[in-house]
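Residues per chain, in single letters:
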Amino acid sequence: MEGKSLTTKNIAEYCQVTQRTAVQWINDGKLKFFRTPGKHIRVNRADFIEFLKKYQMPIPEELVSSLNTNSKKKVLIVDDDKGMVDSIQRFLKREKVYDLEIAYDGFEAGQKFTTFKPDLIILDIKMPGLDGYELCSHIRKKPENKNTKILLISGEVNQNGLQQIKKSGADDYLAKPFDNKTLKIKIEELLGVGKQ
Amino acid sequence: MRILLIDDDKDLCHLTKTTLTKNGYEVVAFHEAEAGIKYAKNSKPNLILMDVMLPGMNGAEAVRALKTDPQLKNVPVVFLTALVAGEETNLEEMGLNVNGLHYQTLGKPYEIEKLLEVVKKFAK
Chain A
1 MEGKSLTTKN
11 IAEYCQVTQR
21 TAVQWINDGK
31 LKFFRTPGKH
41 IRVNRADFIE
51 FLKKYQMPIP
61 EELVSSLNTN
71 SKKKVLIVDD
81 DKGMVDSIQR
91 FLKREKVYDL
101 EIAYDGFEAG
111 QKFTTFKPDL
121 IILDIKMPGL
131 DGYELCSHIR
141 KKPENKNTKI
151 LLISGEVNQN
161 GLQQIKKSGA
171 DDYLAKPFDN
181 KTLKIKIEEL
191 LGVGKQ
Chain B
1 MRILLIDDDK
11 DLCHLTKTTL
21 TKNGYEVVAF
31 HEAEAGIKYA
41 KNSKPNLILM
51 DVMLPGMNGA
61 EAVRALKTDP
71 QLKNVPVVFL
81 TALVAGEETN
91 LEEMGLNVNG
101 LHYQTLGKPY
111 EIEKLLEVVK
121 KFAK
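These protein sequence lines are chains A and B, in that order. This note's numbering numbers the first residue of the first sequence as 1 and each following residue consecutively. This note's numbering numbers the first residue of the second sequence as 1 and each following residue consecutively.
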């Protein structure tokens, strides 16, 4: 749940009330909320903390510390190979400067992209359903996504593939297998972070 | 098989349309009910995927309007929805009732497998 918004169920648990009461706070305008593209109700952590302060309720330490992670760069890792996702996720977690989200296919990634709004997507090209190129095209068709960096990853890329990568709107490409050091350099270059 | 998709969430609509098209279905998408109804009356789709919360006419109202047309009354409808009166779970089991008829729902956000499974069911 690190860095993510809260559901009415989360709020009910934090405040030790029923979910219905949490929904009522929202309906009464006491607690600010927003809807996801799927129209689920969500509450930003910062808004929830404001609400707790205003109504003099205790603020859980976990919430305050999670809020401090908001300055972290957001990275969405997308690959149908769960081993690959686990490996990248494990490595980036150790770096402790990224807020991470994962998806195992292009369709799931497309939905998560809208709510998570990543700074960078590490995106496998070959996936069932929507592949990496199609997701690239979906993301790039909206001008407001132009600042999101896209790093395509794939095992086999021939000359045609390289052409397609260039056309896809991705910012860079990394051939599998790659080591953590190479991945780190690519990510830091794309995000403009890291130690020189 | 021709599918009419009505959803005001443009991102999800595009993802769904691209995925279904890639899987061999002909998909026509609209972001509001009125335009979708007009299309349905002219083109008679084989399946309608209908968002519930739409601007203007909502999904249930749109289905009521569609079902008054004898040519469309037997076209299956699946509602796409995330929220019913603050409840966010078990939507698939709950389904939706419109004019006493029970319609299948697909809870948002939906997985690609679930979407294809539902569509395949009506393609038979």
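Hints were generated in silico from the structure; no laboratory data involved. Don't take each hint at face value.
In silico lysine to any residue, SDA-like type, Cα no more than 20 Å apart, as pairs [stated by the list, open to error]:
hint, chain 1, residue 1, chain 2, residue 2
1, A, Lys39, B, Asn23
2, A, Lys112, B, Glu32
3, A, Lys73, A, Trp25
4, A, Lys126, A, Glu144
5, A, Lys142, B, Asp11
6, A, Lys39, B, Gln104
7, A, Lys117, B, Asn74
8, A, Lys112, A, Gln164
9, A, Lys142, B, His31
10, A, Lys142, B, Asn23
11, A, Lys39, B, Glu32
12, B, Lys17, A, Pro128
13, A, Lys39, B, Met53
14, A, Lys82, B, Lys17
15, A, Lys73, A, Lys39
16, A, Lys126, B, Asn23
Taking the hints in turn, this is what the structure says about them:
For the given pair, A/Lys39 sits about 26 Å from B/Asn23 by alpha-carbon distance, which is inconsistent with the 20 Å threshold. The hinted pair formed by A/Lys112 and B/Glu32 fails the criterion: a straight-line CA distance of about 23 Å is larger than 20 Å. A distance of roughly 32 Å separates the Cα atoms of A/Lys73 and A/Trp25; the hinted pair therefore is violated under the 20 Å criterion. Our distance criterion of 20 Å between C-alpha atoms is broken by A/Lys126 and A/Glu144, whose separation comes to about 26 Å.
Proximity of A/Lys142 to B/Asp11 is assessed by CA-CA distance (about 9 Å); at most 20 Å being required, the pair is judged to hold. As the CA atoms of A/Lys39 and B/Gln104 are separated by approximately 18 Å, the hinted pair is consistent with the 20 Å bound. For the proposed pair A/Lys117 and B/Asn74, the alpha carbon gap of about 41 Å is over 20 Å, so the pair is violated. For the hint pairing A/Lys112 with A/Gln164, the CA-to-CA distance comes to about 24 Å; that exceeds 20 Å, so the pair is violated.
Restraint check: the Cα-Cα separation between A/Lys142 and B/His31 comes to about 17 Å, which is no more than 20 Å; the hinted pair holds. Of the pairs offered as hints, the one joining A/Lys142 and B/Asn23 is violated, with about 24 Å between alpha carbons and a cut-off of 20 Å exceeded. With a CA separation close to 16 Å, the supplied pair A/Lys39 and B/Glu32 stays within the 20 Å bound. The straight-line distance between the Cα atoms of B/Lys17 and A/Pro128 is roughly 15 Å, inside the 20 Å bound, and the hint therefore holds.
At most 20 Å may separate the alpha-carbon atoms for a hinted pair to count; A/Lys39 and B/Met53 meet this at roughly 8 Å. With a C-alpha separation of about 26 Å, the suggested pair A/Lys82 and B/Lys17 falls outside the 20 Å cut-off, and the hint is violated. Restraint check for A/Lys73 and A/Lys39: the C-alpha separation of about 26 Å exceeds 20 Å, so the hint is violated. For the hint linking A/Lys126 to B/Asn23, the alpha-carbon distance of about 16 Å falls within 20 Å, and the restraint holds.
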